[in-house]
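Sequence positions in the sequence shown follow full-length UniProt numbering and run 1 to 319.
Be aware that one or more of the hints could be misleading.
As the list claims (entries may be wrong) - Here are the simulated DMTMM-like pairs of lysine to aspartate or glutamate, each with C-alpha atoms no more than 25 angstroms apart in a straight line:
no.: 1; residue 1: 247; residue 2: 205
no.: 2; residue 1: 247; residue 2: 312
no.: 3; residue 1: 242; residue 2: 312
no.: 4; residue 1: 247; residue 2: 149
no.: 5; residue 1: 242; residue 2: 205
no.: 6; residue 1: 247; residue 2: 211
no.: 7; residue 1: 247; residue 2: 234
no.: 8; residue 1: 247; residue 2: 85
no.: 9; residue 1: 242; residue 2: 149
no.: 10; residue 1: 242; residue 2: 174
no.: 11; residue 1: 242; residue 2: 211
no.: 12; residue 1: 242; residue 2: 256
Hints are computed from structural coordinates only; laboratory data are not their basis.
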Amino acid sequence: MTGLLSLILPLSAVMASALVLLGLNFVRADRMQKALDARLARVSGRRLVVSSQDAAAASDPLARFRRPLNSALLLLGVDLVRAPDYPMPWWAIVIAAAVISRGIAYLVGALIPGLGWIVWPPLFLLASRLAFGAVHARRATALLNQFPDALATIVRCVRVGIPVQEALRVVSQDMPAPTSREFGRIADQVAIGTPLELALRQMADRAHLAEYGFFATAISLQARYGGGLAQTLEGLAEVIRKRVAMKARGYALASEARTSALILGIIPLVAALAIEVIQPAYLRVLFVTHGGNIVLAAAVGLLAGGALVMREIIRRSLN
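Start from the sequences and build out the full structure, keeping to the hints where you can.
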């Protein structure tokens, strides 16, 4: 019993520390996003947009019931604003994360009785956030890579005398997804009377990219004070192209780190296979004894955790 407690307590401490670090990371990211939104608001007058959204929420009698649900979904990583762009319904991703995490928790509970139900909630939260994070990252990368071409299309349309609203419609027809869907939403919103500034700001909120916020600010300033919109958007497109190229260069330079991480992850598997061929009795104890099962589960968990940590380090270095 003492040995079991000595194993459970460190695992619980590690899980608690991971959740605390995850929460601090979310708080830091939220503060950075709010600071960026505040800077853009001082330039583009976003306070008017926010006030209109607050008024709409106040007129909705079900708003106070939706807020707790939206908060719970955000905790799982679900963004209902971007849900139409998910490869499958968001609830299907949540169910898949719950099933996978429950399977892992069941294996943990089989090794250490009583621990399965304890580790299931954090595993479910981690699996759900990883799944939606991967979907959001893939979508953001596609939007960023396609954005310079979309700006170039708008610049060409403006230079030949086409209004900005019609230029947005042209982008929605010529560009691939997901850029076509985003600009199609703007064109549809403007067609039914939504102010262009509000539609652009909502698109920037959905994209979660600073470049889209800069685009919305440029359009808003041009609409208020005039100026050469084509030159402004052309300069913005050139800056974004350089940023995309720099990110691709950084990804190429990080190939050594990614290869090292892959090798570090494969070495234990290769070593286990070699031991199985040379002396099978050495590994058999990991599968036929309860203590060996615990050691094997701990090794797999540490290997998976190390892979996630290395992946996060590489991702942050590229950002």
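Hints, one by one, checked against the model:
Distance hint between residue 247 and residue 205 is fulfilled; the C-alpha atoms sit about 22 angstroms from each other, no more than 25 angstroms. Using a Cα cut-off of 25 angstroms, the hinted pair residue 247 and residue 312 holds, with the two alpha carbons roughly 16 angstroms apart. Annotation: proposed proximity of residue 242 to residue 312 holds, straight-line Cα distance about 24 angstroms (limit 25 angstroms). Of the pairs offered as hints, the one joining residue 247 and residue 149 holds, with about 17 angstroms between alpha carbons and a cut-off of 25 angstroms not exceeded.
For the suggested pair residue 242 and residue 205, the alpha carbons sit about 23 angstroms apart, so the restraint of at most 25 angstroms is met. A threshold of 25 angstroms between alpha carbons decides the hint, and for residue 247 with residue 211 the separation of about 14 angstroms falls inside it, so the pair holds. At most 25 angstroms may separate the alpha-carbon atoms for a hinted pair to count; residue 247 and residue 234 meet this at roughly 20 angstroms. For the hint linking residue 247 to residue 85, the alpha-carbon distance of about 24 angstroms falls within 25 angstroms, and the restraint holds.
Restraint check: the Cα-Cα separation between residue 242 and residue 149 comes to about 13 angstroms, which is no more than 25 angstroms; the hinted pair holds. With a CA separation close to 23 angstroms, the supplied pair residue 242 and residue 174 stays within the 25 angstroms bound. A hinted pair counts as satisfied when its Cα atoms are at most 25 angstroms apart, and residue 242 with residue 211 qualifies at roughly 12 angstroms. Taking the CA atoms of residue 242 and residue 256, the gap is about 23 angstroms. The hint holds against a cut of 25 angstroms.
This entry satisfies every hint, going by the numbered hints stated previously.
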